Amino acid sequence: MSSTYNHTILQLDNVTFQYPSDKMFITHLTFSVGNGEFIGLLGANGSGKSTILKLASGILKPSEGSVRLWGKPLHFYKNKDRAKLLCYLPQLLDINVPFTVREVVSMGLYPYDMPPEMSADEAIEIVGLEEKSGSYITNLSGGERRRTFIAMTLLQGAGLLLLDEPLANLDIKYQIEILRLLGELKEKKNISIIMALHDINIALQFEKVMLIKDGKILGAGNPGIVLTKDLLKEAFDVNIAVKKNNSGGAYISYGNNF
Amino acid sequence: MPKIKISILILILVIIFLVSLCLGPRVINPLSLNDLEKEIMLSIRLPRFVVAVLMGMALGASGAVLQGILRNPLADPYILGISSGASLSAAFGLISGSYFLGKYTIPLTAFIGAAIVSMIVSAFGWKRGGLWPERLLLAGVGLSFLFHAVLMLLISTSTDEGMRRTVLWIFGDLSIADWSLIPYGFVLVILGLGISISRSKALNALILGDEFAHSLGFSVYKERVLLFLSVVLMTAASVSLGGIIGFIGLLMPHIVRFLIGADNRFLIPASALCGGAFLCVADLIGKLIMPPAEIPSGIITAIIGSPYFLYLLRRKNVLNL
Chain A
783 MSSTYNHTIL QLDNVTFQYP SDKMFITHLT FSVGNGEFIG LLGANGSGKS
833 TILKLASGIL KPSEGSVRLW GKPLHFYKNK DRAKLLCYLP QLLDINVPFT
883 VREVVSMGLY PYDMPPEMSA DEAIEIVGLE EKSGSYITNL SGGERRRTFI
933 AMTLLQGAGL LLLDEPLANL DIKYQIEILR LLGELKEKKN ISIIMALHDI
983 NIALQFEKVM LIKDGKILGA GNPGIVLTKD LLKEAFDVNI AVKKNNSGGA
1033 YISYGNNF
Chain B
330 MPKIKISILI LILVIIFLVS LCLGPRVINP LSLNDLEKEI MLSIRLPRFV
380 VAVLMGMALG ASGAVLQGIL RNPLADPYIL GISSGASLSA AFGLISGSYF
430 LGKYTIPLTA FIGAAIVSMI VSAFGWKRGG LWPERLLLAG VGLSFLFHAV
480 LMLLISTSTD EGMRRTVLWI FGDLSIADWS LIPYGFVLVI LGLGISISRS
530 KALNALILGD EFAHSLGFSV YKERVLLFLS VVLMTAASVS LGGIIGFIGL
580 LMPHIVRFLI GADNRFLIPA SALCGGAFLC VADLIGKLIM PPAEIPSGII
630 TAIIGSPYFL YLLRRKNVLN L
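Chains as they are written, first to last, in my numbering: chain A, 783 to 1040; chain B, 330 to 650.
Hints listed in this document are in silico derivations from the structure and should not be mistaken for laboratory results. Predicted, not measured: the structure shown is a model, and the values here were computed from it. Glycine is no exception: its CB is placed at the ideal position from the N, C-alpha and C atoms.
Dumping the calculated DSS-like pairs for lysine-lysine here, alpha-carbon to alpha-carbon at most 25 Å: (1) B:Lys-551 / A:Lys-854; (2) A:Lys-860 / B:Lys-530; (3) B:Lys-456 / A:Lys-843.
For each label pair, taking beta carbons as the anchor points, the in silico distance ranges come out as: (4) B:Arg-594 / A:Arg-850: 26 to 36 Å; (5) B:Ile-519 / A:Asp-863: 25 to 35 Å; (6) A:Glu-913 / B:Val-516: 41 to 51 Å; (7) B:Val-554 / A:Glu-904: 33 to 43 Å; (8) B:Tyr-433 / A:Glu-907: 53 to 63 Å; (9) A:Lys-860 / B:Leu-520: 18 to 28 Å; (10) B:Leu-520 / A:Thr-798: 41 to 51 Å; (11) A:Pro-897 / B:Ala-478: 47 to 57 Å; (12) B:Ile-449 / A:Lys-955: 48 to 58 Å; (13) A:Pro-897 / B:Leu-641: 29 to 39 Å; (14) B:Val-554 / A:Tyr-894: 23 to 33 Å.
So these bits of chain A aren't anywhere near chain B, every CB distance computed over 12 Å: (15) Lys-854; (16) Met-896; (17) Met-900; (18) Gly-925; (19) Leu-986; (20) Val-1024; (21) Gly-1030; (22) Tyr-1033; (23) Ser-1035.
Pulled out of the complex, with its shape left as it was, chain A reads as follows (with noise of 0.2 Å):
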């Protein structure tokens, strides 16, 4: 029982929450994310990924429920203190300002008195931007912008990482190495993520995914357990269908859909 509790990073009670003016809402909802798990949290547009990200990470207050961060409710935290812990990274990056590349990624130590182990430049290598480091952010495609971010919430070095879409924009070749090196920092330094996603096929890449709809998860677990086809149908409402290639892969067989 104690080790349990001591490898749950994060634990949502109850959560229930609603928008002022809208008719989206979560009722009831319980998870755990435990320490170096890698969670691909799938659903349509409007499904509540974000709202349910946006709980974790303390952005939304829920009205009922509790979020807990190593055992402590959120809100007991100092500001910066859950920053050094917890990092979210939000999908829309809209930003009309000329910053460069470089003093965004800098803005990932500002939770910290002291500079940590990573310096800005090397987090910039490490996303394949070090030619762009003095460029302005409004100058960069999406996918830079979003490599920059990404750079930043590296060197904001939080155990726990709560990822809206981190994918969206990026070439098949950027979204290969950020999943590649969010594996790493896994495996390296034992941290969490919670990614948002809506591509199944990407999904199907994870140990876990929870599929989400209308605020609530449909099911939780392996992938290749979880995405059948019927509970697919309710995520999505489309007939769709994880299939095997010869090699043993797994894919998303369209079916008679176009």
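Following the hints, put chain B in place on chain A, whose structure we already have.
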């Protein structure tokens, strides 16, 4: 790198400050002053110079802060209606001619007007426990129109002398500068500058977005209220010291971003310094161009500022519009 650029900037500004002290309708050599020149220096030029520097600093810095918290490159300290509220309340004093508090009447009425309007604007901008940039902006623009209309009504129904003084004041009248007003202006401007510079990291994060600011460990609502407060203090102090000087708040942050970058830790102090220097130069030009008449500094800043602003607009990477 920004530190070297800032050092060069400070050097240039010091030179501008010194030159503007020595030049005027009568050129004064500060190393050999006679009694008359000492008197001119101490009771006319120096207070006026200090007022110009304080106002310019306040406007430059609050422009930088506002463009950040409103996430709008067109924001300037007057967009929130603070200045038009201050003008209106000062105009009441000027036009009615009732100097019930002596020379403090105009600054005090202007400050009270600015403070009241800031409260109204923030009440409109307040929703669900925080200040919302779009609401603040729209409330400010809406109120500005109202105050402006009432001000025009006042001017159009007032006597000639009251009208001339009011119009002069609206365009920035530094000739009312006086030592007695400086201490309070100084305290408010330094307080506003101190708050905004100490919150500059939070402002950087807020520019990325509220969610980033939260994730980086800032309390979004608290930081925005503090930054808004710094703008109110500086704008109100500036308006009450010498009326309305356009363009400094809008222009300085853009020039400084072009010169040293957008990081608010450098942008706010550098915009303040450039604002101070710019207003000194504008005041000097206003005094020299057709003596003995003086052209209000607000007219000079606009005449120099607009073409430069339009030039910046044409340059790639500067305004990002």
